[in-house]
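Visitor: As a plain string of letters, each chain reads:
2 protein chains.
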Amino acid sequence: MDNLLSQADCHVSCPIKKTAEVLEGKWTTLIIRELLPGKKRYSQIQRALEGISPRMLASRLRFLESVGLVNRTVYATVPPMTEYALTALGQDIRDVLQAMAKFGEKLPDPPDPKRS
Amino acid sequence: MDNLLSQADCHVSCPIKKTAEVLEGKWTTLIIRELLPGKKRYSQIQRALEGISPRMLASRLRFLESVGLVNRTVYATVPPMTEYALTALGQDIRDVLQAMAKFGEKLPDPPDPKRS
Numbered sequence: 001m002d003n004l005l006s007q008a009d010c011h012v013s014c015p016i017k018k019t020a021e022v023l024e025g026k027w028t029t030l031i032i033r034e035l036l037p038g039k040k041r042y043s044q045i046q047r048a049l050e051g052i053s054p055r056m057l058a059s060r061l062r063f064l065e066s067v068g069l070v071n072r073t074v075y076a077t078v079p080p081m082t083e084y085a086l087t088a089l090g091q092d093i094r095d096v097l098q099a100m101a102k103f104g105e106k107l108p109d110p111p112d113p114k115r116s
Numbered sequence: 001m002d003n004l005l006s007q008a009d010c011h012v013s014c015p016i017k018k019t020a021e022v023l024e025g026k027w028t029t030l031i032i033r034e035l036l037p038g039k040k041r042y043s044q045i046q047r048a049l050e051g052i053s054p055r056m057l058a059s060r061l062r063f064l065e066s067v068g069l070v071n072r073t074v075y076a077t078v079p080p081m082t083e084y085a086l087t088a089l090g091q092d093i094r095d096v097l098q099a100m101a102k103f104g105e106k107l108p109d110p111p112d113p114k115r116s
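In the order they appear, the protein sequences are chains A and B. Mapping of the first sequence onto the working numbering: position 80 corresponds to residue 80, and the numbering continues sequentially without gaps. Mapping of the second sequence onto the working numbering: position 11 corresponds to residue 11, and the numbering continues sequentially without gaps.
Keep in mind the hints are simulated off the structure, nothing from the lab. Glycine included, C-beta positions come from ideal geometry on N, C-alpha and C. Be aware that one or more of the hints could be misleading.
Cβ pair distances, simulated, as ranges [claimed, not checked]:
(1) A/Glu50 / B/Thr73: 36 to 46 Å
(2) B/Lys106 / A/Lys26: 39 to 49 Å
(3) A/Phe63 / B/Glu105: 19 to 29 Å
(4) A/Ala76 / B/Gly68: 45 to 55 Å
(5) A/Pro108 / B/Glu105: 44 to 54 Å
(6) A/Thr82 / B/Tyr42: 42 to 52 Å
(7) A/Pro79 / B/Ala85: 51 to 61 Å
(8) A/Glu50 / B/Pro108: 25 to 35 Å
(9) B/Pro37 / A/Asn71: 16 to 26 Å
(10) B/Lys39 / A/Phe63: 48 to 58 Å
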């Protein structure tokens, strides 16, 4: 495992680079986090992520679908209902988020915007 | 640990969010990856990361310094030499990158631009 971190250069197929390219967009990690416990409707994800715009959320979900991490299911109800769920590959990202959670506990809290 | 992934909402102090805010900029993860084996000069980092612009690299290194993950040391040689090293906190991000490396092995290779 450690050899993955000590390669001399970062090639096209570097696995850290591939994961970074999936996760580095703003909000992406947090959208995956919302889906880890199970499938959710668009509106549920939006409510959970304070500050995300509908356009950004739609764009990120499309991207996650395109890279095979998220499945979208549309139900032919009136009005139609759309549900999002992690694929098996998407579920595998859990370990990354757990490591991020553990590391984040060591980071200072951001300044509270309501207090400044 | 698992409760870190199952909170109902993502609050200001959510540890995954704090880590995401540090890592989500393009190139950030790969710069940290270059510094994991030990300190490096600016030019060494730039050579290792094909395609990064000098301006982007300088900006990311300043950011990583500002959040306490990287130390910068300037040596009064002629010409001056600048070295970057991970702080103790920065070293702790190793587990996140290891999880990213493991996950990335499951992702398909990106299309080779030289072949398209």
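Visitor: Can you give the numbers of the hints that this structure goes against, from lowest to highest?
Guide: 2, 5, 9, 10
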